[in-house]
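Each protein sequence line maps, in turn, to chains A, B, C and D.
Going by numbering that gives the first Met the number 0, the residue at position 107 of the first sequence is 106; the numbering climbs one at a time, nothing skipped.
Going by numbering that gives the first Met the number 0, the residue at position 158 of the second sequence is 157; the numbering climbs one at a time, nothing skipped.
Going by numbering that gives the first Met the number 0, the residue at position 372 of the third sequence is 371; the numbering climbs one at a time, nothing skipped.
Going by numbering that gives the first Met the number 0, the residue at position 352 of the fourth sequence is 351; the numbering climbs one at a time, nothing skipped.
Keep in mind that the hints were calculated from the coordinates and are not lab data.
Worth double-checking, as some hints may not be accurate.
DEER-style ranges, computed between Cβ atoms [what the hints assert, rightly or not]:
#1 D:N164 / B:R17: 41 to 49 Å
#2 B:D1 / D:A137: 53 to 61 Å
#3 B:D137 / C:A21: 32 to 40 Å
Don't be surprised by glycine CBs; every beta carbon is placed ideally from N, CA and C.
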Amino acid sequence: MDFSFSDEQQMLLDSTRRLLTDNYSVQQRRQIISSPEGYSRSIWRQFSELGLLGLNIPAEEGGLEGGAISTLLVCVAMGEALIVEPYMSSAVMATRAIAKLSSSAQRSEWLPRLNSGTVIAVLAHDQTNGAAAQAVFDDTVAARSQNAWRLQGRKAIVYHAPLADVLLISAKLDAASGTGTGLFAVPRDAPGLRLEAFTTVDGQRAADIVLENVEVPDHARIGGDVSATLPMVLDYGAAALCSEAIGVLDKLFSMTVEYCRARVQFGQPIGRFQALQHRMAEMLMHLEQARSMAYLAAFWCESEEASRRAAVLSGAKVIIGRAARFVGQQAIQLHGGMGMTDELMVGHYFKRLLAFEVRFGSTESHLQEYAARFLEPDRDGL
Amino acid sequence: MDFSFSDEQQMLLDSTRRLLTDNYSVQQRRQIISSPEGYSRSIWRQFSELGLLGLNIPAEEGGLEGGAISTLLVCVAMGEALIVEPYMSSAVMATRAIAKLSSSAQRSEWLPRLNSGTVIAVLAHDQTNGAAAQAVFDDTVAARSQNAWRLQGRKAIVYHAPLADVLLISAKLDAASGTGTGLFAVPRDAPGLRLEAFTTVDGQRAADIVLENVEVPDHARIGGDVSATLPMVLDYGAAALCSEAIGVLDKLFSMTVEYCRARVQFGQPIGRFQALQHRMAEMLMHLEQARSMAYLAAFWCESEEASRRAAVLSGAKVIIGRAARFVGQQAIQLHGGMGMTDELMVGHYFKRLLAFEVRFGSTESHLQEYAARFLEPDRDGL
Amino acid sequence: MYLNYTTEQNRFREQVRLFLRANLPEDIRDRSLNGEERVAEDIRRWQRILHAQGWGAASWPKEFGGTGWSPIERYLFDLECALAGAPPQLPFGLKMVAPVLMRFGNPRQQQYFLPRILSGEHWWCQGYSEPGAGSDLASLKTRAVRDGDYYVVTGQKAWNTLGQNADWIFCLVRTDPSAKPQRGISFLLIDMRAPGITVKPTTLLDGTQEVNEIWFDNVRVPVANRVGEENQGWTYAKYLLGHERANIASVGTSRRQLRQLQRIAATQLRHGVPLLREPRFRARLAQLDIELTAFEITTLRVIAADENKAAPGPEASILKIKATEILQQISELMLDAIGIQALPFSAAVPPSSVPRSEWQHLSRITAQYLNFRKLSIYGGSNEIQKNIIAHLILDL
Amino acid sequence: MYLNYTTEQNRFREQVRLFLRANLPEDIRDRSLNGEERVAEDIRRWQRILHAQGWGAASWPKEFGGTGWSPIERYLFDLECALAGAPPQLPFGLKMVAPVLMRFGNPRQQQYFLPRILSGEHWWCQGYSEPGAGSDLASLKTRAVRDGDYYVVTGQKAWNTLGQNADWIFCLVRTDPSAKPQRGISFLLIDMRAPGITVKPTTLLDGTQEVNEIWFDNVRVPVANRVGEENQGWTYAKYLLGHERANIASVGTSRRQLRQLQRIAATQLRHGVPLLREPRFRARLAQLDIELTAFEITTLRVIAADENKAAPGPEASILKIKATEILQQISELMLDAIGIQALPFSAAVPPSSVPRSEWQHLSRITAQYLNFRKLSIYGGSNEIQKNIIAHLILDL
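Bound conformation, chain A alone:
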């Protein structure tokens, strides 16, 4: 057991925080969100310069090869700053998918460009990962014909798809073409591919993807049958999302405590009122339990032990999901009317937590999943 981070990891966290403190003020964030692109190319470039985009790229391919623990720390910082850039989508999930699943030719094709930030990639799998919720669409099919693949179907609510240069689309192979699931790198401007874009509740760009006879060459297929390997990438992403949520919770909690120290009513700071003090103590307890599970998720998300990995990730989604709801709601409540305004950041943090609760399987679906798999007499916990 060791809960400390290496000096390198600590430096990575510090420099990420510094970058975001200097370049991602509330005002800058607001401008980025209302810009046509919906993200900042300049920040993205700086992520690249700091090596953050290569965190999930092997050293031999020019990356930092930080692994899950480093990714945890960086995502915490991203959550603290409430970024809308596609870090988790592109630099964590899509990059990891390519690094882990693709051929060496494909790696050479994509990884340097992902590392330099010249390409943004987004993984589009079924919305709802692993757990008991139902996928909105589950109808994407790939058919083989003349050294090419033809994709047909839809993908729901793909975060950052409108920002992507390339989409990694999972599809069931049709009977004539083989078995299992294929993963295909599809340029966003491929003929037949249409995005139905929207802004999410937490201020990010996303889209449904409609595929009508989209043709990609053979070499666009990444890996073989990814049915067994894709879940590892998704769990890695889920762990990263959990880490981001810890950053969000941390920040939201500390700004709430700060507000209660400063806000004076009835002649004293409202933080002197015992009922509010106890509320904040309860928020802290949620936060610390959530942090424990985020650590555990980061530690287990690379494991090949699928069943235990799934249990830890379900557990993390449950504990952090409950923390998200409680801390989020109480943060608004303790800010009073100010918490209801778009002007203060508290509402924005609140909405990011709301999105966390349903992404990658809802709290409830993970709870049921956990119960279904792991409740047997004489088991001794994880």
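Given chain A's structure and the hints, the job is docking chains B, C and D onto it.
Below, chains B, C and D alone, put in the same frame as chain A:
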């Protein structure tokens, strides 16, 4: 809509309260519980003198014929005093069963003696009424032979059975003897009838009943097939139990508020601490919601509209059950160490509420029952 | 004790239903049932329709043009209006300033303002809270300095609901800065068109603009528009707040929302099974359904007990807390019901993942969840209500 | 960051397991697993067995006869003992008075008392709380008046756990009544056989007698039995309380109880289906299981962070609250699992409705639910812990 009580009803409540205030002190109660009988014959006689034992006996049979609303008020007072006498078992349920279901000869045989307090009767049906929980035993059978009935089987956890002179035992008729359910008046000392007595968590006497070839004459059978009519008696009893719980909650809450006003720590009454004040505000809200449902249960428990009656009673068990748990636990907590002692009454009220939660179907079973029956789109509540 | 409505009450209820069926405009009803943002003109139109029927002010006594209905009748009227999807009438004129005018206003003020509130000609808004005085209202800073027959008002009000449409505002202002906080406050009626008033809408976290900040820069207010005595405004303010709390119960709105939630749960699937059949969801829904039934009785009990009182007692705080808890829990359960469909929030064209027919509907559920966070904050936060219960009911 | 136990830690764990398998007497284990009332002799026997192994005081440094184990090793030892059903060692000597003696006691006190605590020869109990001084310990009233080489102690202590078996008691007494409440307190070690001491057991709501009231009537205590300076007792008392909180985590006990709950839920039927398959019950159980897993990590994080500190920080308050919440929730879920079988509480012969084989077992579940209400009250109530968090961690 009218929430007021008639002058007569108010007088009934007042005189019951006065009787118990004068004759049921904490010390007296303690003596009664540790006495061999487990109840006070003297109090029982006074109940009779006040007419309370005739509250559910028709006027033409010499009773007060108070009905559900009067019974509500009397049971509230009984709950306030936390009596262990079999008022609900004998004077409410068994008396009502006889008054509603039996022949005029049987009524003349039993009602005067119930009214005068010379006979105590207890209804023994399956433990768990109506709702989704499972009966512990469900195996009592009655067989007809030569102008007599022969009973065989068991009844679980029958409150006040050890105090009863006569037990009203429900039994399925065996195939040769007819169909449906019969109800039989069985003397407690009938050969073959054995009680396995115990003290309940809330300090009352109860027993499992074992019937081995117990023979009763034909005229001991009360009513015909009671499958349809017995639930009305049970629901009437459930409503009475709900009322008793309101009395328990009322008293427990007010003694907690009183304690917090008096107990000084850190130089002030602990009731000045905001966190505890808010807790008590929440307790009050539970209590008021519970009171509303007890009223509704009393109002509906005589209705022939079986489905709505069941819904109201399930609803009452759920709301009052939740109130029982919250108010009970918090009452102990706010009393601190003192709440843990047998010496203060708070623990005794707490245990009565604990018993309430599981009697006549648990909170959870009633919630599921309610959900199963009454959740259809476009229904407008009760 | 009799817990059914009487024949007369049922007849009254039927009369209200018939009226609503005949007179509630379909377009207004649909916007309201879809949970869309309130449209000012809808509120005005509906007030005119009610007024034409003689039902413009259910809670007023007959002498001022009210209905003279009993408390239970008023409850039934509110219930049926909410169930039918009528837009809520604005409380600021009808239920806040009007009771104050009736009790403390002079005849000229009553004769001028009350009929115009009733007809909907005057849209009123509230000038109580300030940036530094929310829960702690007595610390308000807006100053009113006497200058002949005028007060000159300077300061800032916050959390003003729908004031962008208002014709008049009632304000608490400090007329004696040297007195103790709760002394030295006066109650003024101010014309929103008076020079020196600036209204700036506040964008809320759901993107709507339903509250405003209002600046007063040397606004001249005739002394004739002061209600009651100078420096006695705190008395009137408290009287008003008592009335505000009592009007928040909103059993009808909760019942309608719960009905909508049941419909959503019947169509949302989990593993191919309607959510309404999923044991955990069912139980949460059932719990809320029962809670609301109990609350309906609790509300009626408080109404019945208040029948003979001038102003609602502290029991109104119980209603305020429970009403808002139930509404928030329903909105939370709705959010949980739609799952990931809560994510798409604004779009030029609805994405396919949210069926086109449900887009408006579902995207409003998330917005409403966000918006409803306010319920436990405004009208005296639920923490303040618990303080009131502890002090005034429990005597702690 | 590495969240598995190291090979060494796993080896240590295995060693503890083997020891427990070989040395924990079956009868003691069974009583403990059945949740029976604590038997004094079991506690004494088990302490002797541990002492023989050299493990009598896991948390003490080696110089005083402790194990010198690392915090993680101590955690694993506690975990395995609890899982195996070993009776908890008494904290009053080992984890309360001993740290105070090591830090503030003189060599004579250390040499006399510590070995006797270790061997189990001395059973210690606590004389902190009084009827009027529970949460507010500083308002204690028991007086100690100097008379030559003695203090003469008079007063009353309350909530003394298991003092009926004790040989010694450590007491906070007031030696300077004129000083401020937290000054003027001294820390005395008192022989329970001294004349003038009366112990009266308090019956609790579960029927047990695990706490006592203790009266001191002019009890003469040698000045040599004062720890540290006169009137400085508050410092030692706080030091002791810090140590107390840290020892309450009890992940092992919760895990064992949860395992037992799973077994109960597998056999209890609802509609013929094991409760373990009932969706609502399952989900509550799963929630607790996950909560405990998270808490295990939280506990280890605090232990690791405290490794280099003299006394546990205020984070111990987080552990105290969460540990007791989890234990109370498990006992609540057990109660819900047995349903009406919670009703029969005491009987000469078990009734048929509770299978004879389960009688002892099931009737203890209700008793434990009642008894566990204390968890959020004692050792500094959870409200006091939240105050500590607010003041010392959140700086509010």
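Structure-based check of each hint:
no., hint, verdict
1, D:N164 / B:R17: 41 to 49 Å, "holds, 47 Å"
2, B:D1 / D:A137: 53 to 61 Å, "holds, 55 Å"
3, B:D137 / C:A21: 32 to 40 Å, "violated, 56 Å"
In summary, the one numbered hint that this structure violates is 3.
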